[in-house]
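Chains as they are written, first to last, in numbering that gives the first Met the number 0: chain A, 0 to 176; chain B, 0 to 368.
Since the hints were derived computationally from the structure, they do not count as laboratory data. Ideal placement from N, C-alpha and C gives every residue a C-beta, glycine not left out. Watch out, some of these pointers could steer you wrong.
The following residues of chain B were derived to be distant from chain A, with all beta-carbon distances above 12 angstroms [stated by the list, open to error]:
(1) E21
(2) G24
(3) K39
(4) A65
(5) R96
(6) D112
(7) T238
(8) A282
(9) L306
(10) N307
(11) E312
(12) M320
(13) Q335
(14) L360
No farther apart than 30 angstroms at their CA atoms in a straight line, the calculated lysine-lysine pairs in the BS3-like style are these [said to hold, decoys possible]:
(15) B/K39 x A/K62
(16) A/K71 x A/K88
(17) B/K193 x B/K39
(18) A/K141 x A/K62
(19) B/K108 x A/K141
(20) A/K88 x A/K141
Reference listing, derived: stretches of chain A covered by chain B, where coverage requires no fewer than 3 residues with Cβ under 8 angstroms from a Cβ of chain B [stated by the list, open to error]:
(21) 11 to 24
(22) 48 to 61
(23) 146 to 157
This is what each chain is made of:
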Amino acid sequence: MTQPGIRTGTITVDFLTPTHRISAQMVLRGRVLGDVLNDVRTSFIPLETVFLSRLEEPARILKSFGAAILSKNHITMAIVNVGVEMALKTVSPAYGSRKVYGVFATIPGFEIEGTIEFVGRPDLHALLVTNVERFIPIMNAKAVMSERPEMNFAGELIFVNRDFIGLLSLSGEVAQG
Amino acid sequence: MTRILVIDDDIELLQMVRMMLERAGFEVFTSADGADGIEKTRQLRPDLVILDLMMPEIDGFQVLQAIRNDPLVNDTPVLVLTARAQPVDREAALAARADDYLAKPVSQKELLDRVQEVLNRRRRVGGQGSVVLFLGLRGGTGTTTLAVNTALALIRSGPVVLWDASLSSGHAGLHLRIAPRISWLDWWRDGCSKENLEADLTPHPAGLSLFPAPLMPVTEAVEESLVGLTLDVLRERFTFVVIDGPSTLVPLGLVFCQHADQIFLVMNPEVGSLQTTVMTLRALQSAGIPLERMHVVVNHAAGPGTLNAQTIERALGRAPMLTVPFDPNQAVALVQGTPLILSHPNGPLAIAAQRLAGHILSAVRQPGG
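With the rest of the complex left out, here is chain A (with noise of 0.2 angstroms):
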């Protein structure tokens, strides 16, 4: 598959639903993979070079097509590994006042780990609730399968699907290095 920067504007993304793994490249058109995900108009996501896997055998790849479309209502992450800044708007510090958090959630068939970034004081029912955003970001993160525990995806960055989320969990403030 292409590797981010020899296929502008294109990038990587590991996508888990209830049931398979689907590992496709997005041709991002000038937005960032947030904003595509969160785009309110539209339900599917158009994919390229796809290839499935089922959830029970994730390294193994059933099918590969060469583009399909994805329910956005179906997927519960969406993994970055590689290119987070074609996945993530840059936001700029702002005094002092953005700070990064542990955080714990839990959906369907997963325990997810990670940092969270907040703007002043955090909120998890402002982040569960009031935000306009379905999926969240999650950097730095972990998902281990509740069933398999020896079985895990890891992502620079991992955005969650909040409909899946059951408990959602901060810990302390991270220290920023």
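With chain A's structure known, arrange chain B on it following the hints.
For chain B alone, coordinates are given in the frame of chain A:
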């Protein structure tokens, strides 16, 4: 020349990887799909296959399975290079008997380091000659003395060639009382023909072959990429290739380090030598040379020195692999052209050379070592 086949459906990536590898002196072939990749592996019998996992039709796992099931090519090393970068992918690739795994995107340095690592690992397992490098980046460390005597100590365990890789009038010939007329640089200039190699090696009566350094200091640019090719040829013929390394990491020293199975950094117990050794260890580690391949030898080449063992160990962060005591007979040995392992086999320097040889042998005999 080492031949590498790259199998990836991404044409742009194929071109980029080809460029990276060709710059490093490899002969590169490419294939843009799985079925063609399997066929080319059979036809070309490459020294290494670099394989993408995510390809349409026949994916990388199927290609890997086909290679491993084909008795003609099943021992071909395979380096998986893929954008599927999860731990489960790495485990699956290694379980499918890939030799190593690299996640995209990859830098040139990362790719070349890993390619070299896989090739070296396979050479060791494949029973070809082992490459031992003696490196002293500061004058007067006695590096050539140790290289010559260790090479002679290894003779009982198989054919040995001593490659005097100095670029500034090497002294291995002096130690062995050999006055060669032709050097490895001449062999390079003549096109590196396997057939001509015999004529360019100078035999020593003890059974050692010397691949001599140019007598005149080298003033022209030397082609780093020929180091790998030369070692390939020497490994085929000799059980041990002992290199008396050049005195700088650039242009050739680092390339030798990348190819060596074991590296002996030789230092004196003096502050300047210690600084050079500490910094060399750091530089080599930064260049991707695994620490376990590097061994520090403290050589009392000129007497007791000014640093004690504790100071040296503290600065190095580990104990030296060996401390060689001062041997007053060495000066005479050099004048006479008779290495101490032959003239004083029970002397301190000969015993140290035997210990170095023992260390080299035990590393070679370890599985995967």
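Beyond 12 angstroms from each Cβ of chain A, as asserted for B/G24: 23 angstroms, holds
Chain B covers the segment 11 to 24 of chain A, three or more CB atoms within 8 angstroms, holds or violated: holds (count 3)
| query | Is the hinted pair A/K71 and A/K88 satisfied, with a Cα-Cα distance of at most 30 angstroms? | reply | 20 angstroms, holds
> Are the Cα atoms of A/K88 and A/K141 separated by 30 angstroms or less?
Replying inline: The hint holds at about 21 angstroms.
CA of B/K193 to CA of B/K39, is that 30 angstroms or under? With a Cα-Cα distance of about 26 angstroms, the restraint between B/K193 and B/K39 holds, given a limit of 30 angstroms.
Given as non-interface: B/E312, which should sit over 12 angstroms from chain A by C-beta
Holds, since 32 angstroms exceeds 12 angstroms.
(message) Please check whether the beta-carbon of B/K39 is more than 12 angstroms away from every beta-carbon in chain A.
(response) 20 angstroms, holds
Grab the minimum beta-carbon distance between B/N307 and chain A and tell me whether it stays above 12 angstroms. 38 angstroms, holds
Quiz item: Is the Cβ of B/D112 more than 12 angstroms away from each Cβ in chain A?
Solution: 18 angstroms, holds
For this session: Below or equal to 30 angstroms on CA atoms is what counts here, so check A/K141 against A/K62.
Result: 26 angstroms, holds
Quick one: work out the minimum CB distance from B/A282 to chain A and report holds if it exceeds 12 angstroms, violated otherwise. For B/A282, whose nearest Cβ neighbour in chain A is about 26 angstroms away, the distance exceeds 12 angstroms, so it holds.
Exercise. Against chain A, does B/L360 hold up as non-interface, every C-beta pair farther apart than 12 angstroms?
Key: 39 angstroms, holds
Every hint, counting from the list given before, is met by this structure.
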